[in-house]
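So the chains spell out like this:
There are 2 protein chains.
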Amino acid sequence: MKVVPKEKGIYSFSKDHEPVESVDLGEPILLEAEDAVGGQIKSEETPIESINWSRVNKATGPIYVKGVEKGDTLVVDILDIELAPQGVILVVPGAGALGDAEFKPKARIVKIEKGLAIFKDVQIPLRPMIGTIGVAPEEGEIPTATPYKHGGNLDCIEVTRGARLYLPVSVDGALFAAGDFHAVQEDGELCVSSVEIEGKALFKFDVIKGKKPNWPIVEGPAHYSILVSDEDLDKAVKIAAEEAVKAIMKAKNWSFEDAYMLSSLQVKIAVNQVVDPKKGVRAMIPKTIVSLDDLLYES
Amino acid sequence: MKVVPKEKGIYSFSKDHEPVESVDLGEPILLEAEDAVGGQIKSEETPIESINWSRVNKATGPIYVKGVEKGDTLVVDILDIELAPQGVILVVPGAGALGDAEFKPKARIVKIEKGLAIFKDVQIPLRPMIGTIGVAPEEGEIPTATPYKHGGNLDCIEVTRGARLYLPVSVDGALFAAGDFHAVQEDGELCVSSVEIEGKALFKFDVIKGKKPNWPIVEGPAHYSILVSDEDLDKAVKIAAEEAVKAIMKAKNWSFEDAYMLSSLQVKIAVNQVVDPKKGVRAMIPKTIVSLDDLLYES
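Chain order of the listed sequences is A and B.
Just so we're aligned: 253 in our numbering is position 253 of the first sequence, and the numbers increase by one with no gaps anywhere.
Just so we're aligned: 212 in our numbering is position 212 of the second sequence, and the numbers increase by one with no gaps anywhere.
Chain B stretches covered by chain A per the calculated footprint, using a threshold of three residues with CB under 8 Å from any CB of chain A:
| id | region |
| --- | --- |
| 1 | 181 to 191 |
| 2 | 229 to 237 |
Calculated from the model, a selection of chain A residues having no Cβ within reach of chain B, i.e. all distances over 10 Å:
| id | residue |
| --- | --- |
| 3 | Pro-5 |
| 4 | Thr-46 |
| 5 | Arg-55 |
| 6 | Lys-70 |
| 7 | Val-75 |
| 8 | Asp-80 |
| 9 | Ala-84 |
| 10 | Gln-86 |
| 11 | Pro-143 |
| 12 | Gly-162 |
| 13 | Ala-163 |
| 14 | Val-207 |
| 15 | Gly-210 |
| 16 | Asp-294 |
With a straight-line cut-off of 25 Å between C-alpha atoms, the simulated DMTMM-like cross-links for lysine to aspartate or glutamate are:
| id | chain 1 | residue 1 | chain 2 | residue 2 |
| --- | --- | --- | --- | --- |
| 17 | A | Lys-278 | B | Asp-234 |
| 18 | A | Lys-268 | A | Asp-232 |
| 19 | B | Lys-278 | A | Asp-232 |
| 20 | A | Lys-268 | B | Glu-113 |
| 21 | B | Lys-268 | A | Asp-234 |
| 22 | B | Lys-104 | A | Asp-234 |
| 23 | B | Lys-250 | A | Asp-121 |
| 24 | A | Lys-238 | B | Asp-234 |
| 25 | B | Lys-235 | A | Asp-100 |
| 26 | A | Lys-278 | B | Glu-231 |
| 27 | A | Lys-287 | B | Glu-113 |
| 28 | B | Lys-250 | A | Glu-44 |
| 29 | A | Lys-252 | B | Glu-44 |
| 30 | A | Lys-252 | B | Glu-113 |
| 31 | A | Lys-268 | B | Asp-100 |
Simulated from the structure, these hints should not be mistaken for laboratory data.
Just so it is clear, CB atoms sit at the ideal spot from N, CA and C, and this is done for glycine as well.
Work out the full structure: start from the sequences and follow the hints.
Below you can see the structure in the form of structure tokens.
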């Protein structure tokens with residue numbers, strides 16, 4: 001099996017990056033990934049001031065996926081996520097939902113033991129997830145810390161072991177990359193970081209030809225979630241609502257009015273994070289209402 | 001048992017309203033309630049234009065709760081919710097998350113059968129909840145359509161059968177009122193209405209003396225949720241985060257930094273609704289982390 005070491009990474013998503021590996025559709029590939037702070041904090045004594053901020057938020061890749069072209073959907077199966085035995089969480093003045101409060105920079109080491117993340121005296125069941133996952137965008141270069149239509153720093157707790165992600169492809173080969181694993185996070189990611197942890201993730205790719213989603217879609221056991229990002233949370237919710245209502249209209253062949261009504265009853269608006277350069281929400285639509293095809297558009 | 005008929009209601013929360021009934025602590029009381037459109041839509045042929053908008057969002061009450069004084073917490077147990085056999089959902093141009101789209105006013109009758117709400121060909125398991133529930137505010141008169149610190153139009157799906165609500169009391173007797181029942185709603189309440197339905201709810205009250213929450217708190221099986229409302233969703237999230245971090249600091253006797261970190265891992269930010277005069281979010285804190293007392297402040 002192909003393995004991509006954590007050294008081979010990028011700090012932005014762009015079609016100008018040279019692929020570090022290529023895979024066939026259906027071929028499993030293992031990506032190793034640094035933690036989001038580039039492994040720079042190994043103990044609670046590490047001064048936050050010593051961190052090189054140009055070496056954070058690395059995503060392993062990019063991977064060239066053969067048979068995938070501009071205008072397609074890249075289908076990403078997250079087959080497994082394996083975590084290192086310890087992670088780190090940190091707060092930095094100016095960052096997070098309460099960034100303008102007065103506080104000091106601080107890091108805590110979080111040990112991983114028997115399926116639990118240990119934060120001081122609190123034991124939290126692990127929910128391993130991938131914070132940053134995406135493909136090259138249509139235009140320009142997007143820092144790995146930012147979520148958008150190409151994926152990126154989605155920080156969505158649904159992007160977990162067993163989930164399937166659908167990403168719009170803007171360049172042949174897609175140029176997939178992933179990193180920034182979290183041992184556990186809750187919706188909001190309030191303090192700006194989670195249990196940031198080194199790890200390995202096993203992926204398998206497929207393609208849907210000639211169609212793509214407007215925003216990344218993650219498929220869980222019961223829902224399709226449309227992942228929308230914007231600087232303004234109100235705007236992100238509005239876009240997510242529009243996308244959900246459009247999908248219901250398509251699925252049911254209903255009027256706007258009827259689809260809009262059903263969205264009040266069946267579409268859950270949830271928060272991914274409120275702390276990245278763009279904030280993220282998801283519109284969770286039950287699979288009993290829409291099928292994947294209702295979420296994809298002809299390229 | 002005391003029963004308050006649906007005719008006895010208010011369209012605003014204010015300490016100037018005369019109570020229509022009084023109860024002792026621990027004494028069950030049944031409130032009947034109109035649906036949120038004042039029962040004005042009995043069929044899909046009712047023209048939306050014919051609705052008298054000054055007769056919507058009525059809350060049954062106010063109830064004077066004996067033994068409850070300014071500065072206390074009113075503890076509200078929702079013992080049961082009983083729904084009528086049909087409800088209504090409606091869309092109105094200008095209203096809801098997509099209010100600026102082009103569409104026509106429209107109502108749909110939703111039948112309630114065998115534990116399901118039937119919207120066209122979609123059958124949705126009931127989750128009865130109380131949309132509007134609150135007490136007289138400290139100052140002025142707040143329309144029942146608006147959520148705020150006194151409660152009001154919270155539209156929170158956690159305010160359901162078996163839940164316990166904690167409200168800050170600003171006037172002796174609290175002047176409690178409730179209405180606007182929903183047979184089912186999802187987080188966001190995107191189209192501005194849910195399955196609006198007539199019903200009856202059985203309440204029982206208790207008091208906590210000399211302490212109160214800053215915002216309404218709802219207690220479910222596993223979480224305390226702090227319910228925060230603001231015109232701006234980003235601001236509501238920030239206030240909810242502040243309240244949650246304060247409670248963790250108190251519960252654990254931790255620094256701001258440590259509480260802020262734990263909030264990223266254990267406090268779920270969820271959306272109540274994005275369509276009322278103030279939008280609403282909730283910070284859901286596991287009961288393993290905080291106890292009720294950590295959420296209350298000396299008056």
